[in-house]
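Engineer: Sequence lines, in order, name chains A and B.
Just so you know, the first sequence maps onto residues 1 to 397 in the numbering used here.
Just so you know, the second sequence maps onto residues 1001 to 1176 in the numbering used here.
Bear in mind the hints are in silico, worked out from the structure with no lab data behind them.
Worth double-checking, as some hints may not be accurate.
As a list, the in silico SDA-like pairs of lysine to any residue whose alpha-carbon atoms are at most 25 Å apart [to be verified]:
id : chain 1 : residue 1 : chain 2 : residue 2
1  : A       : K105      : B       : D1078
2  : A       : K105      : B       : Q1087
3  : A       : K105      : B       : E1057
4  : B       : K1172     : A       : S113
5  : B       : K1155     : A       : D107
6  : A       : K105      : B       : T1148
7  : B       : K1093     : A       : Q95
8  : B       : K1174     : B       : M1075
9  : B       : K1093     : A       : F76
10 : B       : K1010     : B       : Q1039
11 : B       : K1150     : B       : D1111
12 : B       : K1093     : B       : K1172
13 : B       : K1014     : B       : D1111
14 : A       : K105      : B       : Y1060
15 : B       : K1104     : A       : W179
16 : B       : K1172     : B       : E1057
17 : A       : K88       : B       : D1111
18 : B       : K1053     : B       : Q1087
19 : A       : K124      : A       : S113
20 : A       : K88       : B       : K1014
21 : B       : K1172     : A       : R65
22 : A       : K124      : B       : E1061
23 : B       : K1155     : A       : A98
24 : B       : K1174     : B       : D1018
Label-pair ranges, simulated between beta-carbon atoms [what the hints assert, rightly or not]:
id : chain 1 : residue 1 : chain 2 : residue 2 : range
25 : B       : L1042     : A       : E26       : 45 to 51 Å
26 : A       : L58       : B       : L1026     : 44 to 50 Å
27 : A       : E69       : B       : S1007     : 28 to 34 Å
28 : B       : K1150     : A       : Y153      : 56 to 62 Å
29 : A       : T91       : B       : G1149     : 25 to 31 Å
30 : A       : Y75       : B       : T1048     : 38 to 44 Å
31 : B       : F1011     : A       : L123      : 53 to 59 Å
32 : A       : L32       : B       : K1150     : 44 to 50 Å
Virtual Cβ for every residue (Gly too), placed ideally from N, Cα, C.
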Amino acid sequence: MNKSKLGLIAESLKELAYGRVSDLMEKLPSDLEDEDLALLVEEAVKLIKSYSEAQKFLEALSDGRLEVEPPARNYFISPFKQLHANLKHLTWQTQQVAKGDFNQKVDFLGDFSSAFNSMIESLKEKRLIESALEKSHEELKEANSKILDSIDYAGSIQSAILPPTQQLDSILSSYFVIWNPRDVLGGDIYWLVGDKEEFAFAVVDCTGHGVPGAIMTMMAVTSLKRAEHEIGFRDPGALLERVNILMRDGLRHRSRGKLYDDGMDIGVCYVDRVKRKVIYSGAHVSLYVCCDDLDAVEIKGNNHSLGYKSSNPNYRFTNRELHLPEITDLYLTTDGLIDQIGFSKGLPFGKRRFKRAIVNNYGSSPEHKRRGLLKEFETHMGDENQRDDVTVFAISL
Amino acid sequence: MFKEERSGYKFEWKDLGDIEQGRPNLGPTTSVSVYRLMQYTLRDVLITRYGVKAANEILYEAGKLAGSEFCKNLMNLDADFSGFVAQLQDTLKNLNVGVLRIEKADLDNMDFVMTVSEDLDCSGLPLVEETVCDYDEGFISGILKTYTGKEFEVKEVDCWATGDRTCRFTAKLKHF
Ligand SMILES: [Zn+2]
């Protein structure tokens, strides 16, 4: 009798050893009179319970379900409870790192500690580098905005050296100006001197654009004014010769030993309104004349720039004298307009297109002429960037 | 200073004395068994004289006072929580108290779970059916109270002595 009950217990323990725990409890004998046997069954039950609890917990652990509470007071799983605790700790650590908390360290978890800790160190380093980058980015932004502010301010100073509208209006009865520097500042300017009866007007294209170009324009205006003060404005050729020398002297003096080679192109047109006489002299700049019987005609300037090292200080600039019929348009423009590359074919705006615009707008109001020319220019340019400063100074007589 | 009657705690960090001066040859550390010898004999006497419940309460209370003084004197209380935890983990390790590992820190609800491995009080004890780290519970609650200014109820849910290899503590805000 007892033997078969012992056999049942042995069978259950064997099943347990194979990891099969379902229904094991029912297999154990019950209602035992033998005290020792009852004790044996009681311990077997505890063993089976502990084992099946442990099995459930270990399954959860191997699935990574760390939220499962480990069974209390179960000695089978002691090392796994520690593993469970360590994994939970690592999970927390990782979450902290994800939140940007790089203060943490993993202690005494073998190879994992050093791997994890060195990861945190490199993240920390990365963050330091990032914040340094961020800082220098901020500094650059600030420096840039300071530069932009000062360029804006310099832009308004440059506008101040241009002839004021009041002066233009009082001397010229019919005129328009296009002054579009590529940047806030430019290397182009226009100039006007004289009175209603007699005056000279000019466009100037200095080397470069932006800030260096703008500084050159200040010098150009100073030289022009000084030359005009010395010899007047009735002889444009002589004026150019004088400016050539003044610019060369000024620039060589300032850039001695350096590789700078700066200068300018210029067109100066003297007008005697009473005699309807024009004298033109240009350095790489043309005068365009348009009247009733002639289509736009280009009066070329000399093929020589002012102020460069290569500019000959003794160069003689030609004066071209014209007598104007009724209603004549005079146009001066720098190369920024003529040379502008177009969007569709990559071809320059060109003299042909410029002359056509002049002819098309002949006889209309200055504002209409201005808009017509600008529209033509902008259509040609399309999405292409403006390459150079653009200046047009046009008058009607 | 040590022996007058009192109605409130009078312990101060300087009562620990100048160990460097006092122990030039033996140094500031001792054997863990000596520490445990004192704690478990004291516990024995406390239980005998006042019963289990009162003894546990006394140990918890003493731990709390120790934790609070430890925190005030050795920790930087201005650190943010993550910095504080890292610092605490480091200090406990350097003083050979135990290896602190946070499992959960819910700062919104002030709900924490942490483990202390290689615990000074219990790691390696014979397995019994009960948690024994009452002093540690108090110690942690003292630290938390000093850092957060709030009362915590700290409970040891797993202990080396209950076969869990590591001591796991839960800390929740105490509701009065
Ligand atoms: Zn414990």
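Engineer: Against each hint, give a clear statement of whether it holds in the structure.
Structural biologist: Each hint, compared with the structure:
no.	hint	verdict
1	A/K105 <-> B/D1078	holds, 20 Å
2	A/K105 <-> B/Q1087	holds, 10 Å
3	A/K105 <-> B/E1057	violated, 34 Å
4	B/K1172 <-> A/S113	violated, 29 Å
5	B/K1155 <-> A/D107	holds, 23 Å
6	A/K105 <-> B/T1148	holds, 22 Å
7	B/K1093 <-> A/Q95	holds, 22 Å
8	B/K1174 <-> B/M1075	holds, 23 Å
9	B/K1093 <-> A/F76	violated, 29 Å
10	B/K1010 <-> B/Q1039	holds, 21 Å
11	B/K1150 <-> B/D1111	holds, 12 Å
12	B/K1093 <-> B/K1172	holds, 24 Å
13	B/K1014 <-> B/D1111	violated, 33 Å
14	A/K105 <-> B/Y1060	violated, 29 Å
15	B/K1104 <-> A/W179	violated, 69 Å
16	B/K1172 <-> B/E1057	holds, 18 Å
17	A/K88 <-> B/D1111	holds, 15 Å
18	B/K1053 <-> B/Q1087	violated, 33 Å
19	A/K124 <-> A/S113	holds, 16 Å
20	A/K88 <-> B/K1014	violated, 38 Å
21	B/K1172 <-> A/R65	holds, 24 Å
22	A/K124 <-> B/E1061	violated, 40 Å
23	B/K1155 <-> A/A98	violated, 29 Å
24	B/K1174 <-> B/D1018	violated, 36 Å
25	B/L1042 <-> A/E26: 45 to 51 Å	holds, 50 Å
26	A/L58 <-> B/L1026: 44 to 50 Å	holds, 46 Å
27	A/E69 <-> B/S1007: 28 to 34 Å	violated, 43 Å
28	B/K1150 <-> A/Y153: 56 to 62 Å	holds, 58 Å
29	A/T91 <-> B/G1149: 25 to 31 Å	holds, 29 Å
30	A/Y75 <-> B/T1048: 38 to 44 Å	violated, 29 Å
31	B/F1011 <-> A/L123: 53 to 59 Å	violated, 42 Å
32	A/L32 <-> B/K1150: 44 to 50 Å	violated, 56 Å
Going through the hint list in order, the structure does not satisfy hints 3, 4, 9, 13, 14, 15, 18, 20, 22, 23, 24, 27, 30, 31, 32.
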